[in-house]
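Residue 198 in full-length UniProt numbering is what sits at position 198 of the sequence shown, and the numbering runs on without skipping anything.
Take the hints with a grain of salt, since some may be wrong.
[Unchecked claim] 30 angstroms max Cα-Cα, derived DSBU-like pairs, lysine-lysine:
id: 1; residue 1: K27; residue 2: K56
id: 2; residue 1: K76; residue 2: K21
id: 3; residue 1: K56; residue 2: K21
id: 4; residue 1: K41; residue 2: K21
id: 5; residue 1: K41; residue 2: K30
id: 6; residue 1: K31; residue 2: K21
id: 7; residue 1: K41; residue 2: K27
id: 8; residue 1: K31; residue 2: K41
id: 9; residue 1: K72; residue 2: K21
id: 10; residue 1: K56; residue 2: K72
id: 11; residue 1: K85; residue 2: K21
id: 12; residue 1: K41; residue 2: K56
id: 13; residue 1: K56; residue 2: K85
id: 14; residue 1: K72; residue 2: K85
Bear in mind the hints are in silico, worked out from the structure with no lab data behind them.
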Amino acid sequence: MKVVDPQSALITNIEVYDFLKSHTPRKETKKIGAYETIDLKGYREVRQDVLRYVEKTTPSLATAPPPEQYIKDTVKRLRSYGLTKPEVYTIINLGLGLPRPQPTSDDGEELNGTNEEAEAETAEDEVDRGHAVAQIQVPGPGTSSDVPTDEQDTEMTVASGDNTALALVIESIEERFPEDVREDRVEEILAILRQCVSQAGQRAEVGDEKV
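Turn these sequences into a full structure, and let the hints steer you where they fit.
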């Protein structure tokens, strides 16, 4: 047997999370005749550990749309930028383009005003650990652009983290994109990621309505 394309066997963290989330362990059955009952203790422990790890390190993956079409579209559209399948999968695993859940305090209140410099400095460490970096949120109508609010500060911080993480994921980014267009290409890639998330989510909603 010959492996034609080793990358065809790759799957994303979103696919693993979606599978485990939708496949809850079935109830243990009693022994019938000569058939032994199946011990699902190991599956329960692995499932719990993986779900906990994903929700702790990349909580934005929990907001991802159904993965099949979303991943297919993302890989296809980013191929025009010369990104390889492993690079796109790493970007997806980091949660780039996905809504980022607001961190909460112990009493459940949302926390704002993350330090932008600290976010940029820790972006490389987040890539190594698989931490999520999420989408840029566009301020709503009526929001003043002259005096940044706490929410706008947070959005700017997230944008900085997105750009930094993406630049770290893309190998030889200096060679692929000339300096005069590099920033624009990064912004275009982030915009495509957000579009793919939005379109996949809309298709999922239409499918639910038909059912």
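Structure-based check of each hint:
1. Proximity of K27 to K56 is assessed by CA-CA distance (about 27 angstroms); at most 30 angstroms being required, the pair is judged to hold.
2. Among the hinted pairs, K76 with K21 is consistent with the structure: their alpha-carbon atoms are about 26 angstroms apart, no more than 30 angstroms.
3. Annotation: proposed proximity of K56 to K21 holds, straight-line Cα distance about 15 angstroms (limit 30 angstroms).
4. Taking the CA atoms of K41 and K21, the gap is near 16 angstroms; set against the 30 angstroms cutoff, the hint holds.
5. The hinted pair formed by K41 and K30 meets the criterion: a straight-line CA distance of about 15 angstroms does not exceed 30 angstroms.
6. A C-alpha spacing of about 27 angstroms is found between K31 and K21, which places the hinted pair at or below 30 angstroms, so the restraint holds.
7. Restraint check for K41 and K27: the C-alpha separation of about 11 angstroms stays at or below 30 angstroms, so the hint holds.
8. About 16 angstroms separates the Cα atoms of K31 and K41, which keeps this hinted pair within 30 angstroms; it holds.
9. For a cut-off of 30 angstroms, the pair hint linking K72 to K21 stands: about 21 angstroms separates their Cα positions.
10. A hinted pair counts as satisfied when its Cα atoms are at most 30 angstroms apart, and K56 with K72 qualifies at roughly 26 angstroms.
11. Of the pairs offered as hints, the one joining K85 and K21 holds, with about 25 angstroms between alpha carbons and a cut-off of 30 angstroms not exceeded.
12. Note on K41 and K56: the hinted pairing holds, with a Cα-Cα distance of about 22 angstroms set against a maximum of 30 angstroms.
13. Annotation: proposed proximity of K56 to K85 holds, straight-line Cα distance about 25 angstroms (limit 30 angstroms).
14. Of the supplied pair hints, the one linking K72 and K85 holds, its CA atoms being roughly 10 angstroms apart against a limit of 30 angstroms.
Hint compliance for this structure: no hint is broken.
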